[in-house]
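**Q** The lines below spell out each chain.
2 protein chains.
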Amino acid sequence: MGVFELQYDRVVPARRPEGHQPAAPRYSLRWSQPHLSLVSVYFGMQSKQMGREAESEFFARIRGFLAAADGPQVHELMRSCDEAAYDNAIVVAYWTDPTVYSRWLLASGFREWFESRAAAADGAGYWFEPVLVPYDRHETIYSAPSYRIGFARTEDAVIVPITTNGFFGAARDRLPLSAVDALESPARGVMVAPAARSSCGGHWMAAVPHNATILRSGQFWEGAGQEQLEDYLEQLQPKLMRGMQHLVANRGETGCLSLRIMTNVNEDGSPRAETSVYATFLSLDQLERWAASHETHLDIYRHAIAMNRQHKEKREVVTWHELFVVQLGNVFEYINCHPATGILPYVRAMRVELPL
Amino acid sequence: MGVFELQYDRVVPARRPEGHQPAAPRYSLRWSQPHLSLVSVYFGMQSKQMGREAESEFFARIRGFLAAADGPQVHELMRSCDEAAYDNAIVVAYWTDPTVYSRWLLASGFREWFESRAAAADGAGYWFEPVLVPYDRHETIYSAPSYRIGFARTEDAVIVPITTNGFFGAARDRLPLSAVDALESPARGVMVAPAARSSCGGHWMAAVPHNATILRSGQFWEGAGQEQLEDYLEQLQPKLMRGMQHLVANRGETGCLSLRIMTNVNEDGSPRAETSVYATFLSLDQLERWAASHETHLDIYRHAIAMNRQHKEKREVVTWHELFVVQLGNVFEYINCHPATGILPYVRAMRVELPL
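Chains A and B, in that order, give the protein sequences. For the first sequence, position 259 matches number 259 in this note's numbering, and the numbering has no gaps at all. For the second sequence, position 345 matches number 345 in this note's numbering, and the numbering has no gaps at all.
Examples of chain B residues lying across from chain A (beta carbon under 10 Å, computed):
hint : residue
1    : Gln33
2    : Arg137
3    : Asp181
4    : Pro209
5    : His210
6    : Arg351
Worth flagging that the hints you see were computed from the coordinates, not collected in a lab. Just so we're clear, the structure is a prediction, and the values are computed from it rather than from any experiment. Virtual Cβ for every residue (Gly too), placed ideally from N, Cα, C.
Only chain A is shown next, with the shape it has when bound in the complex (with noise of 0.2 Å):
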């Protein structure tokens, strides 16, 4: 089956050393049909000490507007506690067309519902984090070709074998229009100090950076025999924690601007056996640096290589993530929520009024 492919002649060098062959196979994602843009939209509630009849609240209400015409062809729920030990109930939801996600805004009453959170003071917080991107600003990669999480769930998206993989500076490789873009950081990787805020009451809007580096990645272990289901809790699970708050602890070298670690729950909010990261970087240039250099994330993929060498295709943990370098007017927002929600702290944030 044909597959759509994007490839621009190259203006900036790739990172792939020459004659390059990766250890281990790995796999990315492609579709069927032409898709110019990307969309994959996070909504949040957070509060302290949620009850599960609250989350399942929550989860219900978004998956009732999701349902409307022209919602997201898959979705998934979460949940994640926060740096702030606030507890956050999360529904990711993916389009791959905008013009069908807009249509969605336009008449599901999601809009409308979210906004009346201001005024509604309920004693939660609610944000809204869509990310919209071209599709030369994407890339993905999966440890395996047969399990389906996040876009690759869509319609018509094919997991395909690839070869960009196993070298530093392979993600931005696989970024079609890093052939032709540096991706820098027009801050030049500088973070602000964090906004001095007590309170984030009513409803903000906050821009997410041009060129912030947005990536969801996950891990799955469902049905691992008791060997490698050891290997991943004792040993690649905790590594990755350490690397999770390497990151979040060194904001001004890392450029994290927000990063939540996700637990993907069932419809009865029991928990699966299945976590991913959402993380907003300020730069990929920054998301790379850790990458290649620090020992808490060479530790994770030292690890990661060794067991996909060891059990090969007989491997029963997935890793795998979706990476997305945003434009210029990509915006979050967040109503009553604390003030280090998201990237509120960080990033250029207005408070507005509802609708006049």
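On the provided structure of chain A, position chain B as indicated by the hints.
**A** Then chain B, alone, in the frame of chain A:
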């Protein structure tokens, strides 16, 4: 010299009639380097009976910001009287790299000055209409290969002959994205009733609808001899004005969200023999329908074509346009403007507080 071309395998049929050969030569813009995003930004000041001094001060202030590091490659000065009979001083500036534009926004001081206008209450309104589109959402046409204006004046721009002209739907066919996307209006071309606001004091953000179509259509007759000058001023220009009046008088049908007839001016404020119409439509479809079927456009079109055929390469009036079909996320901003300014009455708009 090689130029950057972007062409997708067609999924959506072309509008070009089989075997079509255009009757008149036309030209379009390419760049020798790949620029996957294009940025054109309109800066405006409005007031009733603006004096030359105030206009000139505004031009000087904006040009001061544009002269900062990472400023645009080119800019132009214009004036326009709007439908509410306010005078508008306008500067349009062009960038071919959104990273450079973003750096300029961060460091030029423009943003801080613009936002400070909300509290200044200096009796004038200020507006800021940035247009950022992926390359595949733009198209251009010129009646002559030699005159440079708009994006054609940016570095490494090349004017090339085309044959995708002279049929209805040619503009659509020239948009690379139209090969794979019908570029439909998510609102299905339905205009909302204009917002009934008596005032728009303060700072407003207005969301340009997804797939709204922004057109700058230009006319240049400097150095035209007596015969062609008279024909332009007595025949073509009045037809053009009738067409523009029709567009704004029938917004429900035409989808016209905003339209400004602008005159280019020299540095000393004297008018040039050059105008352009800068307009935003809810959909490409509505603009096309007017162009293909309404006698106000057919009048303009037939006259321009007849003059081109009569004078051939001796034609002394140049007509051209640049057209952008924007993505969701493009926001226009208005500070202390009257409520009928720009797209304000017809789109989702919110008042924002100063950054806190």
